[in-house]
Amino acid sequence: MLKFMRKKTVSVWKKDSRTLIAHGVLDDDIYGIELDVSVNIEDLRISAIEGKWNRWTTPECPRAIPELQRAVGFLIAEPDFSQKAHKVIGRKACRHFANLLLECSHSLREAALLGEWEDRKAAGEEARLGDITAEKAAPPPPPQSPPSAPRAAPVESAACPDEERGIDDKSRVLSADSPGLVIDLHVHTSPASPCSSVPVAEVIEEAKRIGLDGICLTDHNYVWTAPEVAALREEHGFLVLRGNEITTDQGDMLVFGLEEDIKGIIRLEELRKKVLQAGAFVIVAHPFRGFLTFGVGQLGLTPEKAMERSLFQHVDAVEVMNGKVTAKENQFAAEVASGLDLPVTGGSDAHEVSEVGVYATRFYETIRDEKDLIRALRGGNYVPLAYRKEKGF
Amino acid sequence: MANILTYSRNRCTCVEQVDENTLRATCTLQDTLTDAFVEILVGLPDLEIVDVRCEVKRTEQEPCKDPALSLAKVIGVRIGSGMLKIIKGLVAETTECKQLGFMVEECCHGVILSFTKDVLLVSSPRPTDQEEAREFYGKMVKENIRLYNRCAAFAPGSDLVRGVDPPK
Numbered sequence: 001m002l003k004f005m006r007k008k009t010v011s012v013w014k015k016d017s018r019t020l021i022a023h024g025v026l027d028d029d030i031y032g033i034e035l036d037v038s039v040n041i042e043d044l045r046i047s048a049i050e051g052k053w054n055r056w057t058t059p060e061c062p063r064a065i066p067e068l069q070r071a072v073g074f075l076i077a078e079p080d081f082s083q084k085a086h087k088v089i090g091r092k093a094c095r096h097f098a099n100l101l102l103e104c105s106h107s108l109r110e111a112a113l114l115g116e117w118e119d120r121k122a123a124g125e126e127a128r129l130g131d132i133t134a135e136k137a138a139p140p141p142p143p144q145s146p147p148s149a150p151r152a153a154p155v156e157s158a159a160c161p162d163e164e165r166g167i168d169d170k171s172r173v174l175s176a177d178s179p180g181l182v183i184d185l186h187v188h189t190s191p192a193s194p195c196s197s198v199p200v201a202e203v204i205e206e207a208k209r210i211g212l213d214g215i216c217l218t219d220h221n222y223v224w225t226a227p228e229v230a231a232l233r234e235e236h237g238f239l240v241l242r243g244n245e246i247t248t249d250q251g252d253m254l255v256f257g258l259e260e261d262i263k264g265i266i267r268l269e270e271l272r273k274k275v276l277q278a279g280a281f282v283i284v285a286h287p288f289r290g291f292l293t294f295g296v297g298q299l300g301l302t303p304e305k306a307m308e309r310s311l312f313q314h315v316d317a318v319e320v321m322n323g324k325v326t327a328k329e330n331q332f333a334a335e336v337a338s339g340l341d342l343p344v345t346g347g348s349d350a351h352e353v354s355e356v357g358v359y360a361t362r363f364y365e366t367i368r369d370e371k372d373l374i375r376a377l378r379g380g381n382y383v384p385l386a387y388r389k390e391k392g393f
Numbered sequence: 394m395a396n397i398l399t400y401s402r403n404r405c406t407c408v409e410q411v412d413e414n415t416l417r418a419t420c421t422l423q424d425t426l427t428d429a430f431v432e433i434l435v436g437l438p439d440l441e442i443v444d445v446r447c448e449v450k451r452t453e454q455e456p457c458k459d460p461a462l463s464l465a466k467v468i469g470v471r472i473g474s475g476m477l478k479i480i481k482g483l484v485a486e487t488t489e490c491k492q493l494g495f496m497v498e499e500c501c502h503g504v505i506l507s508f509t510k511d512v513l514l515v516s517s518p519r520p521t522d523q524e525e526a527r528e529f530y531g532k533m534v535k536e537n538i539r540l541y542n543r544c545a546a547f548a549p550g551s552d553l554v555r556g557v558d559p560p561k
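First to last, the protein sequences are chains A and B. The numbers in this note's numbering rise by one with no breaks, and the one at position 288 of the first sequence is 288. Counting from 1 along the second sequence, just add 393 to a position and that's the residue number in this note's numbering.
The set of hints was computed from the structure by calculation and includes no laboratory data. It should be emphasised that the depicted structure is a prediction, and the values quoted were computed from it without experimental measurement. Check before you lean on any hint, since a few could be wrong.
[Stated by the list, open to error] In silico lysine to aspartate or glutamate, DMTMM-like type, Cα no more than 25 Å apart, as pairs:
id, chain 1, residue 1, chain 2, residue 2
1, B, Lys458, A, Asp29
2, B, Lys478, A, Glu270
3, A, Lys263, B, Glu528
4, B, Lys510, A, Asp29
5, A, Lys328, B, Asp439
[What the hints assert, rightly or not] Distance ranges between label pairs, derived from CB positions:
id, chain 1, residue 1, chain 2, residue 2, range
6, A, Ala123, B, Pro560, 48 to 58 Å
7, B, Lys458, A, Glu235, 51 to 61 Å
8, A, Ala226, B, Ala485, 55 to 65 Å
Just so it is clear, CB atoms sit at the ideal spot from N, CA and C, and this is done for glycine as well.
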């Protein structure tokens, strides 16, 4: 039986010698929307956009309409246009309008190619449409620039408390006032993580302000250099460590102790081999992050069934307190980790200053540098905690 | 000539229940330049892509004409958070034909929306007027704070997030 259908149509016509117009319609079991997008033929820049709801869900969905104007000025042939459409129109207006905008924009690009082909033929050129398509293929996005130039500063570790008492119960959650060293193991900064809006200095100062003992920079597929991080430690007098949130075919993994700059999507098995070769450590991040309107429970997934996922054979620990998922999803991850007897960690997954330290991990060993961190992670002598809440922030 | 269409596109995505443990999602694209079809089979309850096939009947793009074209790399990927980045990355390893990767994404979106529809249909009591709808969706954002500021409807200033603390 059919559960769902979405139909989209786009019609493009040339208004005049300078303007192409696309009329898009999206109609599915839940939503009905229309979009009119005008672009300048010369540079494929959006010059006008109008949207209309025919059917929607919440009483506040109409608030999306004025936000569509944010797309005016976007260049639809730019390599990062799709990302911008999702980020700006999807987040500020409505993701279904963003979806239809992408459909209209792609159609406009193809219509522009057809127009150019017709123009060349009219000018007597022997052009093949396929050749023009290849010519116009978008170049790959430019490489990201590093957040700051490496600074030649001496590596100096921040002072850390002496080794504290051991805790055997991995699933136990301690108070923020318990002894030990509290480190937020999952933090993003801008511009190293395009999805973050916070410069690293602000993240560090906030971590200091709320009394954390350290943070790990885990920007997406981004390797901070040792001198950069050493300079940050010295400048702020604070324990700053390096990690990396690497996207695999099985989801995001927090990796500590791997210097290799991995780009693209790596198979988890392949990452595991690299981790083992480097003596690194891998934690599966937010393994059960669900959807906007339903969670894993509604799919009928049980912890027992989830334990069978092969990915858990390739990780050393499980992040069971993540600031970007629901309490139920964190609880589900904790149940799975407990069933598999895997160590558990906490990290804020902060992308904003106010999120730093929402969750963290308390270690009962001295951690002065990355070697200490890896050793401590391997030792399993740590617990996750809801740091901000317990500290009353 | 003015008003005559220079380009037309029609895309249809369908999701159907094959059996208790399997969904089939298909995406059919027909436009002035392309005629293509992608199908994925999705295992429940993991939402794992267990099979994929595609057919390109008509295209002007060389990378999309490759008969050896394969989307097989997406097999094993779970539909869920971060899937767009994963699918784009994996498909880009195999082919430069971006349209096919997009069609896989559309199938995955269809699967998610089919569950969203279930949530909206089985909610009890279902909102019957504006005020009840505000209450219903307000409760939804409280239960899943990820919705906060995810779109205009749940942005600060909206009635749906009145009294809801921003996520920390």
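Hints breached by this structure | Those not satisfied are hints 1, 3, 8.
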